[in-house]
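*Asks:* For reference, the chains in residue letters:
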Amino acid sequence: MFSWFGKVSFVPYSKVSDFAVHLKDGRLMGSKCKKCGYQTMPPVADCPACMSGEFEFVEYSGKGTLYTWTRIDAAPTGFDDEVPYALAVVDMEGGGRMVGWFGDTIKEEQIKIGMEVQLVPQIFDETEEIKVYYTVEQPGTTWGKAPPPHLG
Amino acid sequence: MDLGLQGKGAIVTGGSLGIGTAVALELAREGCNVAVNYRRHDTEAKQVVAEIVKMGQKGMAVQADVSSYDDAQKMVEKVVEEFGHLDIMVCNAGITWDGVIWKMTEKQWDQVIAVNLKGYFNYNKAAALVFKDQKYGKIVNISSINGMRGKFGQANYAASKGGEIAMSKSLARELGRFNVNVNVVAPGMVLTDMMEAIPPEFKNKAMAETVVGRFATPEDCAHLVAFLCSDLSRHVTGEVIKIDGGQYI
Amino acid sequence: MSRVGVIGIGHGRFGRRSDATVQELAFEAFRAAMEDGGIERDALSATVIAAVPEYHKQRSVAGVVQEYLNLNPLPSWLTEVACASGSAAIRTAWMAIQSGLHPVVAVIGCQKMTELSTAEILALMGRVGEVQWESVFGTTFPGYYAMFATRHMHEFGTTREQLLQVAVKNHHYGAMNENALFRKEITIEKALASDPVATPFCVYDCCANADGAAVMILAEESRAKELRKDGKIVWLDGLGCATASMSVLKRENLVGLPSAKDAAEQAYRMAEVKPGDIKVADVHDCFTIAELMAYEDLGFCEKGRGGKFIEEKRSYIGGDVAVNVDGGLKSKGHPIGATGVSMAYEIVRQLRGECGKRQVPNADIGLTHNVGGIGQYCFVNVYRRD
Chain A
1 MFSWFGKVSF VPYSKVSDFA VHLKDGRLMG SKCKKCGYQT MPPVADCPAC MSGEFEFVEY
61 SGKGTLYTWT RIDAAPTGFD DEVPYALAVV DMEGGGRMVG WFGDTIKEEQ IKIGMEVQLV
121 PQIFDETEEI KVYYTVEQPG TTWGKAPPPH LG
Chain B
1 MDLGLQGKGA IVTGGSLGIG TAVALELARE GCNVAVNYRR HDTEAKQVVA EIVKMGQKGM
61 AVQADVSSYD DAQKMVEKVV EEFGHLDIMV CNAGITWDGV IWKMTEKQWD QVIAVNLKGY
121 FNYNKAAALV FKDQKYGKIV NISSINGMRG KFGQANYAAS KGGEIAMSKS LARELGRFNV
181 NVNVVAPGMV LTDMMEAIPP EFKNKAMAET VVGRFATPED CAHLVAFLCS DLSRHVTGEV
241 IKIDGGQYI
Chain C
1 MSRVGVIGIG HGRFGRRSDA TVQELAFEAF RAAMEDGGIE RDALSATVIA AVPEYHKQRS
61 VAGVVQEYLN LNPLPSWLTE VACASGSAAI RTAWMAIQSG LHPVVAVIGC QKMTELSTAE
121 ILALMGRVGE VQWESVFGTT FPGYYAMFAT RHMHEFGTTR EQLLQVAVKN HHYGAMNENA
181 LFRKEITIEK ALASDPVATP FCVYDCCANA DGAAVMILAE ESRAKELRKD GKIVWLDGLG
241 CATASMSVLK RENLVGLPSA KDAAEQAYRM AEVKPGDIKV ADVHDCFTIA ELMAYEDLGF
301 CEKGRGGKFI EEKRSYIGGD VAVNVDGGLK SKGHPIGATG VSMAYEIVRQ LRGECGKRQV
361 PNADIGLTHN VGGIGQYCFV NVYRRD
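From first to last, the protein sequence lines stand for chains A, B and C. With our numbering, the residue at position 50 of the first sequence is 50, and numbering never jumps. With our numbering, the residue at position 77 of the second sequence is 77, and numbering never jumps. With our numbering, the residue at position 354 of the third sequence is 354, and numbering never jumps.
There may be inaccurate statements among the hints.
Label pairs and their in silico Cβ distance ranges [as the list claims (entries may be wrong)]:
#1 G299(C) <-> T65(A): 27 to 35 angstroms
#2 A175(C) <-> D80(A): 47 to 55 angstroms
#3 D110(B) <-> D80(A): 38 to 46 angstroms
#4 L192(C) <-> E108(A): 15 to 23 angstroms
#5 D80(A) <-> G299(C): 41 to 49 angstroms
#6 H85(B) <-> K303(C): 53 to 61 angstroms
#7 A146(A) <-> E161(C): 26 to 34 angstroms
Hints were generated in silico from the structure; no laboratory data involved. C-beta atoms are modelled at their ideal positions from N, C-alpha and C, and glycine is treated no differently.
Just chain A, with the same shape it has in the complex (with noise of 0.2 angstroms):
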């Protein structure tokens, strides 16, 4: 459900909706063009070099570095009560680009353009509805991960 994705959503479904499913699994997956190899993050189900539809997850280390930042004190609709909120434009390991909310390893005080960080998985935990985002933190920073089922 890609409706679970950010703390407002304005698309509720996408081919790569299960980018949000990952994500709640504590997985942060880009994509991969099954005809040509083309791989970038966030997925994309329409290879840009080569046009094909057949594409397939994979997942990223999460490791980036940063490119750019600001930090918005005059917040849109629905975020009013994060405000004010450090956003982060992360260079990925492995491709692509992305953006996110600084987390609670990084101060203000320490962001530096070519800094390592971490991309890492996170859950709302007080919406009704299950919500996830990803943070942007120290490098080393991780999931609490959970141990794969055991199903007899």
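Chains B and C: place on chain A using the hints.
*Replies:* Positioned in the frame of chain A, the structure of chains B and C alone reads:
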């Protein structure tokens, strides 16, 4: 069926007697490290720990009044430290103190609510903090069919047992996204010490209610609890499973 | 291919126009343009209307404007590419004229932004970027440009003061423009003390929403010479247009707008001019950094030297090229559908020598640079007075 409980860490409240002991031993048999708490029965508690250790697992007995919020927190922290992790919380400690409402004292009410309902809150909460973070956990709260119906002279017990059920459903909703299951096991009459105090005519009445013509043993309950602590039941949450031989259909 | 000339221009007052509807605003500018050109309605062949629909309660704005201006049954349609809508309408009109289908076309840029409640505006504000991967984290329009500014400051050493000098310059000239929203000079100190919006921007780094309209009437060369009796025709000789990705996640860098660079190259080539030939320009200063990047993207200075360019006053009247001497978006306000046409209005008047205190001496070649959104669209037009 392999329940896959090897190496898991578990707490069973009220583990020195009856259902609690059976659950603790069953989990140990399945490979868990088990910690039990007890209020007065330290000898019995130590006995349970000894049997757990004999099975090759780690065991621990902690004295704690389940109605103490801080004690619950401390016990969970201690278990996580000793066992390395906590995966299972079974709340079972409970008391009765029956009486018709026009004679029921304030203390009678408060005590049963504190031990039964607040006690489950204390341990559920302490466990939830751990489970939410690690994105894994199994909570089984042992209620009673008498939390689903109203027995004569049990306003306090019914309130506490009914409350445990509603609370568990709420928790199932909150914790589901973190891969934590919260379920209720609701026994009918079980052959335990608590049953000693019941007069024979009530026991017979209960027997007549069952469709199988017998009472549950603590082991019957333990099997169901163990299943609910396993990943085989990972899709069961917010559920109430009666184990009453058809006593209340 | 024959030339396309501007034979009439009109501009209304930009601001919080709670005194008028969008069609009434359009009429103000339309009347002025027709009077300026000395033309009657029957001279027109078609209209192209620029307005961004989501800010209006009236659906299909083009229809109500066409009706109110009494232009039925002339052909008409809307063009919309966010803040570049006005220039898109101009390009469309140019194409319609060159095709031979419509020899005289009125381009009507009109916009109301104050019909929506604050909450509605704030909700729209969050959807400027790419909504699937970016808006979910509460990105905003100032936030995006702020990210450009942060990177530009990191790569080139651009300073806060250099950014705010754009605001200071544009307010200086806007104070002399009776159509502008803000007509007071400001200081760097006052600007630095204003409320933060998105690091490193504060209120004075950002343009304001506004209501307003501007109209331009274009004609094919021979019709232009017939209709415009005084011969003061400004020719639209160079047009450039390019797009870039909607999502900033897909751009190669965030220190310039590739669509602006591409569009400028096309326009210069078509008009057979070089950046140094441009005497006066109106660029898209939605945020201070946008003007500095425009100097670079348009080739007025080298990449990264935009801050120095304004610090050395090279974009003031008397400098290398006079930029935004009508106040720019910063001082005029930014009624998004109208802005592109408002830019053209200023350049045409400069090339005609009608700008009084703000006149750029010997202005013979002028340029407009109109960006849609965060640079997903850019239109650059070069105008010439013979």
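*Asks:* So, for every hint listed, does it hold in this structure?
*Replies:* Verification of the supplied hints:
no. : hint                                    : result
1   : G299(C) <-> T65(A): 27 to 35 angstroms  : 31 angstroms, holds
2   : A175(C) <-> D80(A): 47 to 55 angstroms  : 35 angstroms, violated
3   : D110(B) <-> D80(A): 38 to 46 angstroms  : 43 angstroms, holds
4   : L192(C) <-> E108(A): 15 to 23 angstroms : 19 angstroms, holds
5   : D80(A) <-> G299(C): 41 to 49 angstroms  : 42 angstroms, holds
6   : H85(B) <-> K303(C): 53 to 61 angstroms  : 55 angstroms, holds
7   : A146(A) <-> E161(C): 26 to 34 angstroms : 51 angstroms, violated
In the structure shown, a violation is registered for the earlier hints numbered 2, 7, in ascending order.
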